[in-house]
Amino acid sequence: MEIADSRVKVKRLSDTKKSLLFLIPSLILLLIFFIGPMVLTFIFSFTNLALTGAAAKHTEFVGFENFTRMFEDPEFRTSVWNTIVFVFFSAILGQCLLGFLIAFMMKEKNVTFRRIVGLIIIAAWVTPEVVVGFCWVAFLSDNGTANWLIGLLGFKPVAWLFSFPMVSVIIANVWRGTAFSMMVFQSALDEIPKEVEEAAHMDGATRWRIVTSITIPMVKGTIATNLMLVTLSTLGVFTLIYTMTGGGPGVETTTLPIFMFKQAFVSYQLGYGTAISLVLLAIGAIASLIYMKILKTKV
Amino acid sequence: MLKKKAGSIAGLLSVSMILAVSAGCGSSSKDASANDGKTEVKIAWRFSGENDITTKYLENDFIPEFEKANPNIKIKLSPITASEGDYYSKIALSMQSENTTPDIIAEDTFMLNADANAGYLTDLDSYVKDWPEWSNYTENLKAGAIAEDGKIYAIPGSSDSRGLWYNKNLFAKAGLPADWQPKSWQEVIDAAEKIKETSPNAIPLGMTVAKASGEAVSMQTFEMLLYGTEDTLYDSETKKWNVNSQGIMDSLKFIDEVYNEKKLAPSMSIAINSNFSSVMFQDKFVNDAAGIILDGFWNTSNWKENGPAPVANMTERFGFTAMPTENGQGAGKVTMSGGWTWAIPAKTKDKEAAWTVVKALGGAEQQAKRAIADGNLTVRQDSAENAEYQAQPFIKEATEFLNNAHFRPANDNYPNVSVEIQNMVESVATGSKTPEAAAEDFAKNVTRIVGEENITK
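As given, the protein sequences belong to chains A and B, one line each in that order. The numbers in the numbering used here rise by one with no breaks, and the one at position 59 of the first sequence is 59. The numbers in the numbering used here rise by one with no breaks, and the one at position 59 of the second sequence is 59.
Be a bit skeptical, because a hint or two may be false.
As the list claims (entries may be wrong) - Here chain A is said to cover these stretches of chain B; the calculated rule only asks that three of the stretch's residues, wherever they fall, bring their Cβ under 8 Å from a Cβ of chain A: (1) 193 to 202; (2) 253 to 266; (3) 415 to 422.
To be verified - The calculated EDC-like cross-link candidates involving lysine to aspartate or glutamate, where the alpha carbons are at most 16 Å apart (straight line), are: (4) K444(B) <-> E72(A); (5) K304(B) <-> E237(B); (6) K444(B) <-> E75(A); (7) K444(B) <-> D73(A); (8) K284(B) <-> D142(A); (9) K240(B) <-> E388(B).
Just so you know, the hints here were simulated from the structure itself, not pulled from any lab data. Everything numeric in this text was worked out from a predicted model, so none of it was measured. Glycine included, C-beta positions come from ideal geometry on N, C-alpha and C.
Full structure from sequences and hints, please.
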C-alpha cells in the first residue's frame with residue numbers, strides 16, 4: 001500500500017514540475033507585459049517624470065507630491081465624479097438592466113426572432129469603438145439624424161454634444177455595450193429549468209413574483225460577474241468619449257482615463273498621469289470588492 | 001490525458017508567441033541594409049491628411065533635386081499622423097530611443113526650449129559656425145531657434161503672421177469698406193455687429209477657442225489679444241510670468257463679449273469642434289457664411305489651385321488686415337509670429353548626413369519653395385526676393401504685419417502654460433466660467449507649474 005502511495009507522489013511531483021516547465025513561457029510573458037509595466041507605473045507615480053522639458057532629463061522622486069496635488073486639483077474631483085456618473089448610468093443602469101430586460105423578453109421566443117434581434121444588438125457591440133464614436137457624432141450633429149427627427153416633431157435643432165454632453169456619451173455607451181450583458185444573461189436564463197418556473201406558476205405566483213423570487217436569485221452569480229466585468233470595462237472607456245467630445249466642453253465629460261491622458265500626453269506630465277492611473281486601478285479594485293461583498297458570490 | 005494535451009498546446013503557443021515577438025524586434029535591421037550602401041535619413045513632420053502640403057513639397061520639390069545632388073543619401077519620409085497636440089507627444093516619445101528617433105524633425109518653435117532642455121536635440125552651434133548661408137537668415141527669426149541656454153538647436157524653416165481675414169462680399173452688404181483697417185477692438189466688434197444685422201445666417205466673427213485646437217487657441221486668439229493690451233505674458237528681462245494682469249482680463253472680456261454677450265461667434269458645435277479651422281476656412285468663409293476670422297496667413301493654402309477649397313480670385317473675395325491693439329495704442333497694430341524649424345534629434349546616428357539634408361532644406365531656393373507651398377513666410381532675406389514668392393496673394397500684408405510682431409515666451413514651461421491658456425479661453429467662450437473666475441484659476445494653475453518665485457507679483 002505504502003509503496004503504491006509513494007509512487008503516486010513521485011508521479012505527481014514530476015507532473016507539477018512538468019506543468020511548471022510548460023508554464024514558464026507564459027509566466028515570462030506575463031512578467032514582461034503585465035507585472036513589469038505595473039511595477040513601473042507604481043514607481044513612476046512617485047516621480048516628476050515628464051515627456052519634455054528639464055524634468056525629462058533629470059527625473060527625480062518627489063514622494064507623494066503627485067497624490068497631494070491630485071487631491072487638491074478641482075479637475076481631478078470633477079473627473080472622479082464624472083467617472084462615477086458615467087459608470088453608474090451607462091454600465092450599471094444602462095447596460096446591465098437593459099441587457100437583462102432584453103434577454104428576459106427574448107426568452108422562449110421564436111428562434112428566428114431571437115436571432116434577428118440578437119444580431120442587430122450585437123452589431124453595435126462588434127463595431128470598433130472609434131467607429132461608434134464617429135457614428136454618434138454624425139447622428140447628434142447639427143444636421144444629424146437626431147435633429148432631423150425632432151425637427152419632424154416641430155422642435156428646434158439642439159447642439160447635443162454641447163448642451164447634453166454627458167447624456168450623449170452615456171447613451172452612446174449603452175447602445176454599444178448592451179449586447180455583451182444581453183448575451184451573458186441570455187445564456188444564464190436559458191439554464192434555468194423550465195419546471196421550476198412552471199411549478200411556481202401552478203402555485204399561483206404572479207409573473208413579477210416569479211422574476212424576483214426565482215429567476216433573479218437563480219442567475220445571481222451571473223449578475224455579479226456581469227456587473228463586475230461591465231463596470232471594469234466602462235471605467236476604462238477612453239476612445240468613445242475622446243472621439244465624441246474629447247472630454248469637453250470644458251471638463252463636463254472628462255472621466256479619469258481622459259484626465260489621465262490629458263495630464264500625461266497633453267500637459268506632458270507622465271509622472272502625474274501614472275499616479276492618476278493608480279487611483280483608477282484602486283477604484284476598480286474597490287468596486288469589484290463591493291460587488292463581491294454585496295452579492296456574496298465568489299467570482 | 002486531455003489536461004496534459006491542453007497544457008502542452010498552451011506551452012507551444014507561448015513559445016511561438018515569444019518567437020513572434022523577437023522576430024518583430026529583429027525586422028528593423030533588415031531595412032537598413034536594403035539601401036545599397038546609401039545612408040538613410042528619416043524626416044518626420046506632422047501629416048495633416050491627404051492634402052498635406054509638406055508631403056507634396058518634399059516629394060515633388062525637394063527629394064528629386066536633393067538625391068540627384070547627393071547620391072549617397074537616401075531620404076525616407078516618416079510622416080506622423082496626429083492632431084497638432086498629439087504630434088508633440090509622439091515626436092518626444094520617438095526621440096527617447098535610438099531605435100525610434102527620426103533623423104530630422106519638424107519642430108514648432110514653441111516646443112524648442114522644452115525639447116532642448118529635455119536633451120532631445122542636437123546643439124547645432126558648431127555646424128552653423130561653418131555655414132556661410134546662416135547670415136542670410138532674418139535676424140529676429142534666428143531667436144526662435146535659440147534656446148534659453150543661448151545655443152542654436154534648429155534651423156528655421158518657415159515663419160508666419162496673424163491677422164483678421166474678412167469676406168468682402170459680406171462687407172459690401174453691411175456697408176463696410178473693402179480696404180478695412182479697424183483701429184481698436186471696439187471697431188472689430190462694430191463691424192461684426194453690422195454683419196450680423198445684414199447677413200443673419202452668416203457667422204460674424206470667428207476665433208479659435210476649443211481646447212481641441214491646441215496651441216492655436218493660445219497663439220491665434222489669446223495672445224493676439226493680450227499683446228495688443230499694455231501687458232505681455234512673460235517678462236523676458238526678469239524671467240517672470242505675468243499672470244495677474246489687466247490685459248488678461250480685457251482679453252477674456254473680449255472673448256466673452258464676442259461669444260456670449262453679443263453672440264457674434266460661431267455656434268458652439270462649430271466652435272468646440274476640433275476641425276474648427278477647416279470648417280471655417282474651407283466651408284463657411286469661401287461660401288460667404290463667415291464675415292471675419294482672426295487667424296494666420298497660411299490659410300491661403302486652403303484656397304490655392306491644388307488646395308482643399310480652391311478660390312480663383314481670392315484677393316478680390318477676401319481681405320487680410322492687421323489686428324488692432326486694444327484702444328489703438330502703440331503702433332496701433334499687433335501680430336504674433338512663430339514658425340516651424342528643422343532640428344536634429346540628439347540620438348540621430350549619422351548627424352553629418354542629417355546636417356547635409358537640413359542645409360539643403362534651408363537653401364535660398366528651397367526656402368522660397370517651401371514658403372510658397374505652405375502659404376507661409378520665408379525665413380531668409382534672399383528667399384524673400386524670389387519673384388514667385390513675391391507674387392503670392394496677401395504676402396505683402398503678411399510681411400508688413402511682422403513690423404509689429406511679438407514672439408512667444410522662450411521658456412521651457414511655455415507648453416504647459418499654453419495648455420492652461422487653452423482651458424481658460426475655452427471655459428470663457430463656452431460660458432462655463434466668468435472671465436474673473438477663469439483668470440483666477442489660470443493664475444493659480446500657472447503659479448503651480450512655474451513656481452511662486454517666477455510670478456510677477
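So which of the earlier hints does this model not fit? 1, 2, 5 and 9
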